[in-house]
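Student: Position chain R with the ligands against the provided structure of chain Z, taking the given hints into account.
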Amino acid sequence: MKTDIIVDYDKCGDPRECKKCLQICAPALFLLYSPDDESDDPDIWRVDVAFTDLCTRCGDCVETCPKEAITLV
Amino acid sequence: MCEWCYKHGAGKKWYLNSKNYLEETAEAVGAHEYIYELWKHFEKVYLQKIFGISTRGPGYKFSIPVVGRAIKWYISSWFTKEKPLKGRSPRRAEGHPGQVVPLGDAQQVLELADPILKVNCACRHMTRGIEDPCCLAFGALAEMVPKLPRYIPERGAEQLHVDEAKDFVEKMNRGGRVNTVWFGPVPYIAALCSCEYPECAATRIRLDYGLNALYKGEYVAKVDFSKCTGCGTCASRCQFGALTFTDAMNRPFIDAWKCYGCGLCVTACPEGAIEMVDRTAFPALKDEW
Ligand code: SF4
Ligand code: SF4
Ligand code: SF4
Ligand code: SF4
Ligand code: SF4
Numbered sequence: 001m002k003t004d005i006i007v008d009y010d011k012c013g014d015p016r017e018c019k020k021c022l023q024i025c026a027p028a029l030f031l032l033y034s035p036d037d038e039s040d041d042p043d044i045w046r047v048d049v050a051f052t053d054l055c056t057r058c059g060d061c062v063e064t065c066p067k068e069a070i071t072l073v
Numbered sequence: 001m002c003e004w005c006y007k008h009g010a011g012k013k014w015y016l017n018s019k020n021y022l023e024e025t026a027e028a029v030g031a032h033e034y035i036y037e038l039w040k041h042f043e044k045v046y047l048q049k050i051f052g053i054s055t056r057g058p059g060y061k062f063s064i065p066v067v068g069r070a071i072k073w074y075i076s077s078w079f080t081k082e083k084p085l086k087g088r089s090p091r092r093a094e095g096h097p098g099q100v101v102p103l104g105d106a107q108q109v110l111e112l113a114d115p116i117l118k119v120n121c122a123c124r125h126m127t128r129g130i131e132d133p134c135c136l137a138f139g140a141l142a143e144m145v146p147k148l149p150r151y152i153p154e155r156g157a158e159q160l161h162v163d164e165a166k167d168f169v170e171k172m173n174r175g176g177r178v179n180t181v182w183f184g185p186v187p188y189i190a191a192l193c194s195c196e197y198p199e200c201a202a203t204r205i206r207l208d209y210g211l212n213a214l215y216k217g218e219y220v221a222k223v224d225f226s227k228c229t230g231c232g233t234c235a236s237r238c239q240f241g242a243l244t245f246t247d248a249m250n251r252p253f254i255d256a257w258k259c260y261g262c263g264l265c266v267t268a269c270p271e272g273a274i275e276m277v278d279r280t281a282f283p284a285l286k287d288e289w
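Chains as they are written, first to last, in our numbering: chain Z, 1 to 73; chain R, 1 to 289.
It cannot be assumed that every hint is accurate.
No more than 27 Å apart at the CA atoms, straight line, and that leaves these computed lysine-lysine pairs for DSS-like [what the hints assert, rightly or not]:
1. R/Lys72 x Z/Lys2
2. R/Lys44 x Z/Lys67
3. R/Lys61 x R/Lys72
4. R/Lys258 x R/Lys81
5. R/Lys44 x Z/Lys11
6. R/Lys258 x R/Lys72
7. R/Lys286 x R/Lys72
8. R/Lys227 x R/Lys171
9. Z/Lys19 x Z/Lys67
10. Z/Lys2 x R/Lys61
11. R/Lys147 x Z/Lys19
12. R/Lys72 x R/Lys12
13. R/Lys286 x R/Lys83
14. Z/Lys19 x R/Lys44
15. R/Lys258 x R/Lys171
16. R/Lys44 x Z/Lys2
17. R/Lys227 x R/Lys258
18. R/Lys61 x R/Lys81
19. R/Lys44 x Z/Lys20
20. R/Lys258 x R/Lys7
21. R/Lys13 x R/Lys147
22. R/Lys222 x R/Lys166
23. R/Lys12 x R/Lys81
24. R/Lys83 x R/Lys72
Hint data in this document are derived by calculation from the structure and do not stem from the laboratory.
Since this is a predicted model, take the numbers as computed values, not measurements.
Isolated chain Z (complex conformation):
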């Protein structure tokens, strides 16, 4: 079954401060990246979920997120 992991960026805020989802996910499916193409040291960082086909739907990320920003679809 294909899983989509949706992150609500309005709720998430600064993932470089929080990074709980990055650290809880056993198969390391979350990635931290900067959507800003030109900046060398961007202030805006985001988490996104890659390799969703490897997600086991364990639910750890949803449970651990303090801002309730993650939804599994």
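Tutor: What follows is chain R with the ligands alone, placed relative to chain Z:
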């Protein structure tokens, strides 16, 4: 010997050819611009560019009959691309594959590299949001670090003397990190890394999707059963699923097809019962990289 040893080894293993570390080689392939561009966009390159469109569920894309295999072949071909900078895109990590090396070879690499700078692991920053200074950057890569602060460790990028660097990679190896050497780009050698699955970006796409960003090493591990006491210490060491410890026989078995030649099992064994054998000693593995 792998194809690079023939092309860039001058009769040795490619990573032991001192020419591949020279400033002239870096300049000939445009390593400075390439490395800056690739590292500046490292996370995005990985997230979007490697897969052309996006990394979302590449497994599904690759499973499409015929088309899936074509996409996979195409992406794999990027890593080994050998062209001058203009024909090679850092945004796709073209010409930037790595290879697993056992500890002894890793230490020989350090004798050829200069300077050696300890910097943060790009992959672990991306996958776990942590600073882990475990990458040894050389030459053109070491020069890039001050321009991109996220790769500078908290205590500052540390320049290591060759002996300190050798001790460092040994510590990494004993702790369970896989030593890998990286083209940046082919044939210039830019780094010696200490990797772990699943955090390592290249190991992830190699093991889970069969993309050749990381090559197997030049060796295969072999157990000497006359020395093995069945202590089981090696059982948890293999990140590649090549070593299984069977309870009934009280011994480890190594699947040479799956072995990446990292030698972590060798350094773990208290009896010295595992040794690294040159891959060429196994004719069946001739094309297994
Ligand atoms: S755990 Fe939630 S708030 Fe924290 S970085 Fe992840 S998505 Fe954002
Ligand atoms: S559900 Fe589990 S496996 Fe899937 S992304 Fe969340 S933590 Fe990772
Ligand atoms: S290749 Fe290995 S050590 Fe180098 S940046 Fe990636 S995980 Fe870190
Ligand atoms: S068996 Fe596993 S741990 Fe030992 S060298 Fe091969 S890949 Fe490395
Ligand atoms: S660590 Fe060495 S002695 Fe112990 S089981 Fe493995 S091969 Fe045998």
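Student: Hints first: check each against the structure and report whether it holds.
Tutor: Taking the hints in turn, this is what the structure says about them:
no.: 1; hint: R/Lys72 x Z/Lys2; in the structure: holds, 20 Å
no.: 2; hint: R/Lys44 x Z/Lys67; in the structure: holds, 25 Å
no.: 3; hint: R/Lys61 x R/Lys72; in the structure: holds, 9 Å
no.: 4; hint: R/Lys258 x R/Lys81; in the structure: holds, 25 Å
no.: 5; hint: R/Lys44 x Z/Lys11; in the structure: holds, 22 Å
no.: 6; hint: R/Lys258 x R/Lys72; in the structure: holds, 20 Å
no.: 7; hint: R/Lys286 x R/Lys72; in the structure: holds, 22 Å
no.: 8; hint: R/Lys227 x R/Lys171; in the structure: holds, 25 Å
no.: 9; hint: Z/Lys19 x Z/Lys67; in the structure: holds, 12 Å
no.: 10; hint: Z/Lys2 x R/Lys61; in the structure: holds, 12 Å
no.: 11; hint: R/Lys147 x Z/Lys19; in the structure: holds, 24 Å
no.: 12; hint: R/Lys72 x R/Lys12; in the structure: violated, 31 Å
no.: 13; hint: R/Lys286 x R/Lys83; in the structure: holds, 26 Å
no.: 14; hint: Z/Lys19 x R/Lys44; in the structure: holds, 18 Å
no.: 15; hint: R/Lys258 x R/Lys171; in the structure: holds, 25 Å
no.: 16; hint: R/Lys44 x Z/Lys2; in the structure: holds, 23 Å
no.: 17; hint: R/Lys227 x R/Lys258; in the structure: holds, 23 Å
no.: 18; hint: R/Lys61 x R/Lys81; in the structure: holds, 23 Å
no.: 19; hint: R/Lys44 x Z/Lys20; in the structure: holds, 20 Å
no.: 20; hint: R/Lys258 x R/Lys7; in the structure: holds, 25 Å
no.: 21; hint: R/Lys13 x R/Lys147; in the structure: violated, 32 Å
no.: 22; hint: R/Lys222 x R/Lys166; in the structure: holds, 25 Å
no.: 23; hint: R/Lys12 x R/Lys81; in the structure: holds, 21 Å
no.: 24; hint: R/Lys83 x R/Lys72; in the structure: holds, 20 Å
The earlier numbered hints that this structure contradicts are 12, 21.
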